[in-house]
Amino acid sequence: MTFLHPLLAWGALAGLLPVAIHLVDRRRARPQPFAAIDFVLRARRSTSRRLRLRKLLLLLLRMSLLTAIPLALARPRFASATAAAPAARGPAATALVLDASGSMRYRLHDRTLFSRAQAMARDALADLSAEEPVTVLVCGPRHQPAAPPSFNHAAARAVLDAAVPSREPVDMSDCVADAARALGESPVAGKRITVFTDLTASDWDLGRPTPEVPTPAGPVKPEVQIEDAAEQALPNRALSDLSIAPAPDVGPHAYRFSFTVHNFAETPAVDVSVELAADGRTLTRGFSSLPAHGSERKTLAATFPSGQRSSGSVRLAPDALPDDDALPFVLAVPREIEVLLVDGAPSPIRYQDEAYFVQEALEAGASPVHTRTVDPDAFVPADLDGRDVVFLLGVRAVSPAAAGALGRFVEGGGGLFIALGDRSDADTLDSRLGKLLPMPLRLVKTAAPPPREAAEARSGEENALTGSTPAHFAQIDQSSPIFSLFGPAVSASLLDVRIYRYFLVDPQGSTARVLASYDDGAPALVEGRSGSGRILLFTSSVAREWSDWPIRASFVPALQQIAKVLSGTAEQRADPPTVIGHRRVLASVSGKRPVSVVAPSGVELPLETTSAEAPVAVPTEVGIYRVQARSQGGAVADAPELAFPVVFDSRESDLGRLEPQELAARLGASVSRPGNAAEGGRRTPLWTGLLAAATVAFLLEGLLLRR
Amino acid sequence: MPSVLDPEALARIANLHLRARTVVEGVLSGLHKSPHRGQSVEFAEHKEYSPGDDVRHIDWKALGKFDKYYIKRFEHETNLRAYLVVDASASMGFASGPLSKLAYASTVAASLAVLLSRQQDAVGLCVAHGERLEFVPPRSSPAHVSAIAELLSGEKPDGGTDLGSLARALAEKAPRRALLLVFSDLFENGGVGSEGLRQLLQLRSLKDEIAVFQVLDPAELDFPFEDPTLFLSMEDDRRLETHPLQLRDGYLEAFGRFLEDTRRLCRERDVDYELLRTDEPLDRGIVRFLARREGQTVAP
Chain R
138 MTFLHPLLAW
148 GALAGLLPVA
158 IHLVDRRRAR
168 PQPFAAIDFV
178 LRARRSTSRR
188 LRLRKLLLLL
198 LRMSLLTAIP
208 LALARPRFAS
218 ATAAAPAARG
228 PAATALVLDA
238 SGSMRYRLHD
248 RTLFSRAQAM
258 ARDALADLSA
268 EEPVTVLVCG
278 PRHQPAAPPS
288 FNHAAARAVL
298 DAAVPSREPV
308 DMSDCVADAA
318 RALGESPVAG
328 KRITVFTDLT
338 ASDWDLGRPT
348 PEVPTPAGPV
358 KPEVQIEDAA
368 EQALPNRALS
378 DLSIAPAPDV
388 GPHAYRFSFT
398 VHNFAETPAV
408 DVSVELAADG
418 RTLTRGFSSL
428 PAHGSERKTL
438 AATFPSGQRS
448 SGSVRLAPDA
458 LPDDDALPFV
468 LAVPREIEVL
478 LVDGAPSPIR
488 YQDEAYFVQE
498 ALEAGASPVH
508 TRTVDPDAFV
518 PADLDGRDVV
528 FLLGVRAVSP
538 AAAGALGRFV
548 EGGGGLFIAL
558 GDRSDADTLD
568 SRLGKLLPMP
578 LRLVKTAAPP
588 PREAAEARSG
598 EENALTGSTP
608 AHFAQIDQSS
618 PIFSLFGPAV
628 SASLLDVRIY
638 RYFLVDPQGS
648 TARVLASYDD
658 GAPALVEGRS
668 GSGRILLFTS
678 SVAREWSDWP
688 IRASFVPALQ
698 QIAKVLSGTA
708 EQRADPPTVI
718 GHRRVLASVS
728 GKRPVSVVAP
738 SGVELPLETT
748 SAEAPVAVPT
758 EVGIYRVQAR
768 SQGGAVADAP
778 ELAFPVVFDS
788 RESDLGRLEP
798 QELAARLGAS
808 VSRPGNAAEG
818 GRRTPLWTGL
828 LAAATVAFLL
838 EGLLLRR
Chain X
268 MPSVLDPEAL
278 ARIANLHLRA
288 RTVVEGVLSG
298 LHKSPHRGQS
308 VEFAEHKEYS
318 PGDDVRHIDW
328 KALGKFDKYY
338 IKRFEHETNL
348 RAYLVVDASA
358 SMGFASGPLS
368 KLAYASTVAA
378 SLAVLLSRQQ
388 DAVGLCVAHG
398 ERLEFVPPRS
408 SPAHVSAIAE
418 LLSGEKPDGG
428 TDLGSLARAL
438 AEKAPRRALL
448 LVFSDLFENG
458 GVGSEGLRQL
468 LQLRSLKDEI
478 AVFQVLDPAE
488 LDFPFEDPTL
498 FLSMEDDRRL
508 ETHPLQLRDG
518 YLEAFGRFLE
528 DTRRLCRERD
538 VDYELLRTDE
548 PLDRGIVRFL
558 ARREGQTVAP
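Line order of the protein sequences matches chains R and X.
With my numbering, letter number 532 in the first sequence gets 669, and the count goes up by one each step, no holes.
With my numbering, letter number 67 in the second sequence gets 334, and the count goes up by one each step, no holes.
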């Protein structure tokens, strides 16, 4: 035990005063001849035992009273032997390093670790003498360099009081090194660094060299003391790595939420409840049982209303560190897509029908696409009402009226997909569709005879075919929204597609974008724009007559993606979350430029903006951030489509601790825990207990005297 | 030190009449009236004759004058013999004020002696120093009172308290039907209820009239000691060092029980009892005593 004011502790000898007074009183007893001594003796006999006990109690109470008061004034504190040594070495320039990492938000005994560390730091500051300069370094993710030590303890106290914990990892090793550097700016010979931390391993880099204080006489090692705010390994559960994918097998507009549940604890966790909630209600719930220090990949699926943006979270029951118990998300669910199929080669034999494979592909599974099929001859402008996309499939030509209607349809934002076939007439189509064709059609090229024609040729003698090897997709623009979502299997399947015959197009003078080409370099899929709408030209057929694509694995996802792209719903997908503390680039969408970002708490985030680049925000909270954007017209308004989720940094979820002695050995430090320190956290300081004991002794003494 | 014959006390007592509450026997002297009639010659009053009256006492002259029978009644004085019994044991020497208990008791006893002497009563004295007793036979002359006062003034507290020996001596030497005025603190080594006090009170059965004046110091009644004190016995070598505050309650309880037991014993034996505090005016206890014997009440 040490004392803040050791001289006052000598006052505890006052506890001997009652004994001395007792002895003096015995000598000073005044002789008194007394006639009624019989009655005195009788009273003495009847009260002898009680009096002796009372006398002893009084003596003890008075000794306690006189001992406790000076001890309380001396401000005692318990400290380990290692901790006491540096404290007894006299004045030193002191740096108080306060861990402000996300793990310090952990609540222990109704207080956060940060609050406990803060209280410990305040006590340490109060224990410093006036001749000890001090600097306070709040070690956050983007902390300022430590200030030179100052004798202004009030300013240091203000820094401590104003400190708040972050939600991000920090580099404590760097902060200690920075504190050591700052101590070099003080002329006081003694150098001391006191670190208040929970010893979370992820915040320390033990590979760094031992901190040194630069002085004119050369670097010196500071006294480093670690104040452990956590006391023990703390259990925590967390969620991480959320991914959202459509779940057509579950139903239309269903999504599958995959995430990892972690159990950072020494004991297994059984039936941990995880729920998926959105728009204020719980959609589904699952349970997970985890071994000690284990994790599990878990999936929950739910259906969402189409054409809306849903925000919600996957969440655990909140624990002592609630920031990592929820994974927020923003999900844009595409609306239903209405597609008109203009079938250029209707057939009662379904697989020979030009639109058969397309229709099956577009409506496969839980696809949001609804189709309606018409013949070219029956195609009238009124058929375009309420449609998002029109598929012209192997039509020979369209009527001028229909072509005009299609032009207006696309200008107004509609999508047009053009596939060709045996019946397609290049000249007619070029003339009728005009600018609707991204590139003018030219000749038909046969890379290899289609299987049906090859079989017929083998049966006859005629062989007028020009090649013998089918073409393949060779150059695919993976950045296009049609192909960007394809996984490796689908992409490989796409490259295996055999194309037997296709139209050559004339790229000259065209600004259209080639999304895919054949292995001879001829464009296969060309994207053009007209007004607000998009046009895709596939230079071959989507029926079996010119290629085998309809029976390939890539056909269904490609056709559905084409429908989404042409309808303008392809961009409506789950936004990948931003990890807290990481930069979020706020790209403009649909001509809207973000101008401000509001955190879940309502605080507006500062934006890093340059004239050329998109603004950048660094989120500091977990949750969904609102974005306000300026439209092309100049009006500023909320842009729900720009809202984005921010998740906790999972590195701070694992509260795995460094061995205190390991860290101490690395830093040349001593470690003290709140458990054996006199004043730490909210624990009542020892001196107040002593004062309380003195008060009780005083009251009891008065009570005994009155009896 | 004031005189044992305080003039002021005597002046107040002179206005009161000492009367015996029960007529034992003797003759009227001063205010004392005897139930026995016929031996004196001094006419007192007439009483109308009723059957049974002694015909020798018919006033024939009155018969001739009023034609009625009257009986002549006479008064004659009889001298009361009183013994002042003063306990002069060592415990009576205790004093927390200007007067020790012995000095106080001597003053009151002398005052009563003067009073009795004025009424032509004979007053004797018995001073007890434990088993050692000093007797002065009762006489009624004023000079005798002075001798008693002088003797009392010269007494020093000494010896223990032995009420049993005192009772036996009084039974032998005191004349019958005497008035015994006992002045003592009644402290005996055995405490209250001892055989000595009982024997003293049994003198009442020998047709003696007894009045007990228990003389106590206020320090004995109130136990005002606060500082650590070494209490020393005044009659033997017992001693006790203690903190009086711690014992005060127990002491007052025991002492109160002692006083109550003493009063009860006196009441049971039809003995007058008077508590005299040495810090109260000297005449107050005498006045209370006389008033009670007169059947009056006097404010304390």
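Derived by calculation from the structure, the hints in this document are not laboratory data.
C-beta: ideal position from N, C-alpha, C; glycine also.
Be aware that a few hints might be false.
Computed footprint of chain R on chain X, listed as stretches where at least three residues anywhere in the stretch have a Cβ under 8 Å from a Cβ of chain R [what the hints assert, rightly or not]:
| # | segment |
| --- | --- |
| 1 | 330 to 337 |
| 2 | 520 to 533 |
Computed, partial: chain R to chain X, Cβ under 8 Å [to be verified]:
| # | residue |
| --- | --- |
| 3 | Ala166 |
| 4 | Arg167 |
| 5 | Gln169 |
| 6 | Ile174 |
| 7 | Asp175 |
| 8 | Val177 |
| 9 | Arg181 |
| 10 | Arg186 |
| 11 | His290 |
Computed Cβ-Cβ distance ranges for the label pairs, DEER-style [unchecked claim]:
| # | chain 1 | residue 1 | chain 2 | residue 2 | range |
| --- | --- | --- | --- | --- | --- |
| 12 | X | Leu418 | R | Leu840 | 49 to 59 Å |
| 13 | X | Arg531 | R | Ala166 | 54 to 64 Å |
| 14 | X | Arg531 | R | Leu150 | 17 to 27 Å |
| 15 | X | Glu439 | R | Leu840 | 53 to 63 Å |
| 16 | X | Arg531 | R | Leu840 | 35 to 45 Å |
| 17 | R | Ala166 | X | Glu398 | 25 to 35 Å |
| 18 | X | Arg465 | R | Leu840 | 42 to 52 Å |
| 19 | X | Asp537 | R | Leu194 | 24 to 34 Å |
| 20 | R | Leu150 | X | Leu497 | 28 to 38 Å |
| 21 | X | Ala410 | R | Ala166 | 48 to 58 Å |
| 22 | R | Arg843 | X | Asp537 | 42 to 52 Å |
| 23 | R | Leu840 | X | Leu497 | 37 to 47 Å |
| 24 | R | Ala166 | X | Asp537 | 26 to 36 Å |
So, going through the hints one by one against the coordinates:
| no. | hint | result |
| --- | --- | --- |
| 1 | 330 to 337 | violated (count 0) |
| 2 | 520 to 533 | holds (count 4) |
| 3 | Ala166 | 4 Å, holds |
| 4 | Arg167 | 5 Å, holds |
| 5 | Gln169 | 5 Å, holds |
| 6 | Ile174 | 5 Å, holds |
| 7 | Asp175 | 6 Å, holds |
| 8 | Val177 | 5 Å, holds |
| 9 | Arg181 | 6 Å, holds |
| 10 | Arg186 | 12 Å, violated |
| 11 | His290 | 52 Å, violated |
| 12 | Leu418(X) - Leu840(R): 49 to 59 Å | 56 Å, holds |
| 13 | Arg531(X) - Ala166(R): 54 to 64 Å | 36 Å, violated |
| 14 | Arg531(X) - Leu150(R): 17 to 27 Å | 57 Å, violated |
| 15 | Glu439(X) - Leu840(R): 53 to 63 Å | 60 Å, holds |
| 16 | Arg531(X) - Leu840(R): 35 to 45 Å | 37 Å, holds |
| 17 | Ala166(R) - Glu398(X): 25 to 35 Å | 34 Å, holds |
| 18 | Arg465(X) - Leu840(R): 42 to 52 Å | 45 Å, holds |
| 19 | Asp537(X) - Leu194(R): 24 to 34 Å | 51 Å, violated |
| 20 | Leu150(R) - Leu497(X): 28 to 38 Å | 30 Å, holds |
| 21 | Ala410(X) - Ala166(R): 48 to 58 Å | 50 Å, holds |
| 22 | Arg843(R) - Asp537(X): 42 to 52 Å | 45 Å, holds |
| 23 | Leu840(R) - Leu497(X): 37 to 47 Å | 29 Å, violated |
| 24 | Ala166(R) - Asp537(X): 26 to 36 Å | 45 Å, violated |
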